[in-house]
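Student: Sequences are here, hints too, so could you generate the full structure?
There are 2 protein chains.
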Amino acid sequence: MLIVFLLSALYSSPPGQVASGSTDRQPKNSLAERLGYPPDAKLLIIHADDLGMAHSVNSASVKALETGLVNSASIMVPCPWFAEIAAYARTHPEADFGLHLTLTSEWKFYRWGPVLSKDRVTTLLDRDGYLHPTEVQAAARIDLREVEAEIRAQIARAREFGLLPTHLDSHMGTLYQNRGLFETLLRVGRDNRLPVMISREWFDRAQYLPSLLRPDDIVIDRVISIEPNVPPERWEEFYIGAIKSLKPGITQIIVHLAYDDEEMRAATIEHPDWGAGWRQRDFDLFTGEKIRQLLRENNIKLITWREIGKIIAKSER
Amino acid sequence: MLIVFLLSALYSSPPGQVASGSTDRQPKNSLAERLGYPPDAKLLIIHADDLGMAHSVNSASVKALETGLVNSASIMVPCPWFAEIAAYARTHPEADFGLHLTLTSEWKFYRWGPVLSKDRVTTLLDRDGYLHPTEVQAAARIDLREVEAEIRAQIARAREFGLLPTHLDSHMGTLYQNRGLFETLLRVGRDNRLPVMISREWFDRAQYLPSLLRPDDIVIDRVISIEPNVPPERWEEFYIGAIKSLKPGITQIIVHLAYDDEEMRAATIEHPDWGAGWRQRDFDLFTGEKIRQLLRENNIKLITWREIGKIIAKSER
Chain A
4 MLIVFLLSAL YSSPPGQVAS GSTDRQPKNS LAERLGYPPD AKLLIIHADD
54 LGMAHSVNSA SVKALETGLV NSASIMVPCP WFAEIAAYAR THPEADFGLH
104 LTLTSEWKFY RWGPVLSKDR VTTLLDRDGY LHPTEVQAAA RIDLREVEAE
154 IRAQIARARE FGLLPTHLDS HMGTLYQNRG LFETLLRVGR DNRLPVMISR
204 EWFDRAQYLP SLLRPDDIVI DRVISIEPNV PPERWEEFYI GAIKSLKPGI
254 TQIIVHLAYD DEEMRAATIE HPDWGAGWRQ RDFDLFTGEK IRQLLRENNI
304 KLITWREIGK IIAKSER
Chain B
4 MLIVFLLSAL YSSPPGQVAS GSTDRQPKNS LAERLGYPPD AKLLIIHADD
54 LGMAHSVNSA SVKALETGLV NSASIMVPCP WFAEIAAYAR THPEADFGLH
104 LTLTSEWKFY RWGPVLSKDR VTTLLDRDGY LHPTEVQAAA RIDLREVEAE
154 IRAQIARARE FGLLPTHLDS HMGTLYQNRG LFETLLRVGR DNRLPVMISR
204 EWFDRAQYLP SLLRPDDIVI DRVISIEPNV PPERWEEFYI GAIKSLKPGI
254 TQIIVHLAYD DEEMRAATIE HPDWGAGWRQ RDFDLFTGEK IRQLLRENNI
304 KLITWREIGK IIAKSER
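In the order they appear, the protein sequences are chains A and B.
Our numbering runs 3 ahead of the 1-based position in the first sequence.
Our numbering runs 3 ahead of the 1-based position in the second sequence.
Among these hints, one or two may not hold up.
In silico DMTMM-like cross-links for lysine to aspartate or glutamate, where the CA-CA straight-line distance does not exceed 20 Å [stated by the list, open to error]:
(1) B:Lys121 to A:Asp122
(2) A:Lys121 to B:Asp122
(3) A:Lys293 to A:Glu239
(4) B:Lys250 to B:Glu204
(5) B:Lys121 to A:Glu149
(6) A:Lys111 to B:Glu163
(7) B:Lys121 to A:Glu151
(8) B:Lys66 to B:Asp287
(9) A:Lys66 to B:Glu265
(10) B:Lys121 to A:Glu265
(11) A:Lys121 to B:Glu204
(12) B:Lys313 to B:Asp194
(13) B:Lys111 to B:Asp287
(14) B:Lys121 to A:Glu239
(15) A:Lys121 to B:Asp131
(16) A:Lys111 to A:Asp122
(17) A:Lys121 to B:Glu151
(18) A:Lys111 to A:Glu239
(19) B:Lys45 to B:Asp224
(20) A:Lys293 to A:Asp129
(21) B:Lys304 to B:Glu292
(22) B:Lys45 to B:Glu236
(23) B:Lys121 to A:Glu236
(24) B:Lys66 to A:Glu265
(25) A:Lys317 to A:Asp194
For each label pair, taking beta carbons as the anchor points, the in silico distance ranges come out as [to be verified]:
(26) A:Lys111 to B:Glu230: 35 to 43 Å
(27) A:Thr137 to B:Gly39: 47 to 55 Å
(28) B:Leu147 to A:Leu167: 56 to 64 Å
(29) B:Thr125 to A:Gln140: 25 to 33 Å
(30) A:Glu230 to B:Glu97: 51 to 59 Å
(31) B:Glu69 to A:Glu230: 47 to 55 Å
(32) A:Phe241 to B:Val233: 47 to 55 Å
(33) A:Ile243 to B:Leu167: 48 to 56 Å
(34) B:Thr137 to A:Gly244: 50 to 58 Å
(35) A:Thr137 to B:Pro235: 40 to 48 Å
No lab work stands behind these hints, which were simulated from the structure alone.
Think of the CB as a built atom: it goes at the ideal place given N, C-alpha and C, for glycine as much as any other residue.
Tutor: See below:
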């Protein structure tokens, strides 16, 4: 889960004007063009979040990835089921797995802590010794040096498990919550030559985003993620509408996949938003035929973060 | 899971003679008599292990406890689902919950670490930063001071979560593996005024057990736990035989309860011993009517660790 949390944070920021020069800091050609596509190409990443969080999430996400429609995902290294998805990643090196850098542990009865020794990241912990339950609490309390150490440790641990991430993003949007956190995320992404998920659409709501970017940073055009205001019976309509009205450029649709099973219902207890039913609905739609057909009819091409990341490799030459 | 690991460790110890004076260190009256029962009473604890380990374990164990036949259980504090069973314990203060002190993380794809900061208990960790996968590896590598700090931290955390344990035992028998570990367990039990699960039957296989005991330590008469050499079709026969031939004194039957569901099958993957099917078989038998009827027919009385623990309170007067 990412976008609602992020947007609520961005909305609650002072509505800063985008510095007029900020877009000039980006290359003249669009990211799509730099990737070799015509400027009017509709390019789409269908991205599953939260892998590693639970067995149900891993199992449903892997099944969806194997249908080929969901074509990218990101993994939560501190979570109890990380070893399961890391093993899958090792035997599927072609899969487009990024890291869903994790600074929160949001569920009531199912919790996790940091990768680093707790003594070294005390500001990352709630009073029970787990990661903070919300991105707002986390952002308010965490020390940036501890954040940087922890997210570098998550990347290092992923690599120790044989996982070579193609991109970085942030669970519940914690690392986009303020300038300092975003600067930390960007620095770690650059140091690791990994694209960070950033959407140009967010710029007019949070001035620190464009102001920190350099010309060679990757920025996609938009991110779509279903929100709690969509009732279950409108689920399909929401996604169909999003795909039919897709604009040229690079869009990421974020989905949250799991089965509506005992494990997932217990893990997300008292939290229908991003809950077990939500994730089953996403799974059903993104493993079915309808979305796939709509992509064909609307001339939408799927791309991955691996493909996008090649720009970073090229720019180093 | 406890007993096979423990017995294999005890068998592999040099077959020491029990020091002839060692039983004299115990009170003349049996534990049953000290509890106010006649010396020929057949007293039984039906004890579920591994609570907190997974949602499936919590869910099945709670259901079995609520039937009243399974009447005691112990909880793994470092595990991801600890918060769920701790919440149940807070609202069911009458339940007989002990702590299943945990120094191992034995499954392939589902792992946990210590309660304490990793820097403080480095000998407790495997190379991936989780607890060691087996009790043998753990016993060979862990520093006793770190063990003591960690198990005291597990008790402290349980209390912070509102859980008042009635007894202590050790996941996979790690704390019974050698003299130093057992001494540590005993010291922590005594300091916390909590009975430690110790069976008199083990004495002739590991001399350090009786040699470390003081007259006021609690010792039950025997522990029964089904082992991997029992095929599934003989499951019921094993337990029926155990109950029909139950001797006077205090016996604990250890069961491992969970549902044979997706979560549990994935958690115990490639490990049928103590696996999902095993736990479902235990659940089915210990929530059914047959065992309950056998207890009545054989004049067997259920007792709890809470009841046994009262002896410690009395001895302090």
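Student: For the range 48 to 56 Å, tell me whether the beta carbons of isoleucine 243 of chain A and leucine 167 of chain B fit it or not.
Tutor: Once the Cβ atoms are compared, 54 Å apart, the range 48 to 56 Å for leucine 167 of chain B and isoleucine 243 of chain A holds.
Student: With a cut-off of 20 Å on the C-alpha distance, tell me whether lysine 45 of chain B and glutamate 236 of chain B pass.
Tutor: 27 Å, violated
Student: Check whether the Cα positions of lysine 66 of chain B and glutamate 265 of chain A lie no farther apart than 20 Å.
Tutor: Holds, because 14 Å separates the two Cα atoms, which is no more than 20 Å.
Student: Measure nothing beyond the straight line between the CA atoms of lysine 313 of chain B and aspartate 194 of chain B; if it is 20 Å or shorter, mark the hint as holding.
Tutor: 15 Å, holds
Student: Take a look at whether the Cβ-Cβ distance between glutamate 230 of chain A and glutamate 97 of chain B falls inside 51 to 59 Å.
Tutor: Violated, at about 43 Å.
Student: Between lysine 121 of chain A and glutamate 151 of chain B, does the CA-CA distance stay at or below 20 Å?
Tutor: It holds: about 18 Å lies between the C-alpha atoms, which stays within 20 Å.
Student: Checking one constraint from the list: CA of lysine 121 of chain A to CA of aspartate 131 of chain B, max 20 Å. Satisfied?
Tutor: 16 Å, holds
Student: Is the hinted pair lysine 293 of chain A and glutamate 239 of chain A satisfied, with a Cα-Cα distance of at most 20 Å?
Tutor: 9 Å, holds
Student: Is the gap between the beta carbons of glutamate 69 of chain B and glutamate 230 of chain A within 47 to 55 Å?
Tutor: 39 Å, violated
Student: Going straight from one Cα to the other, do lysine 121 of chain B and glutamate 265 of chain A come out at no more than 20 Å?
Tutor: Violated: lysine 121 of chain B and glutamate 265 of chain A sit about 32 Å apart, past 20 Å.
Student: Range first: 47 to 55 Å. Now tell me if the beta carbons of threonine 137 of chain A and glycine 39 of chain B are that far apart.
Tutor: 52 Å, holds
Student: Please verify whether lysine 121 of chain B and glutamate 149 of chain A have alpha carbons no more than 20 Å apart.
Tutor: Measuring from Cα to Cα gives roughly 15 Å; hence the hint holds.
In terms of the numbered hints stated before, the structure departs from hints 10, 11, 13, 14, 16, 18, 20, 22, 23, 28, 30, 31, listed from lowest to highest.
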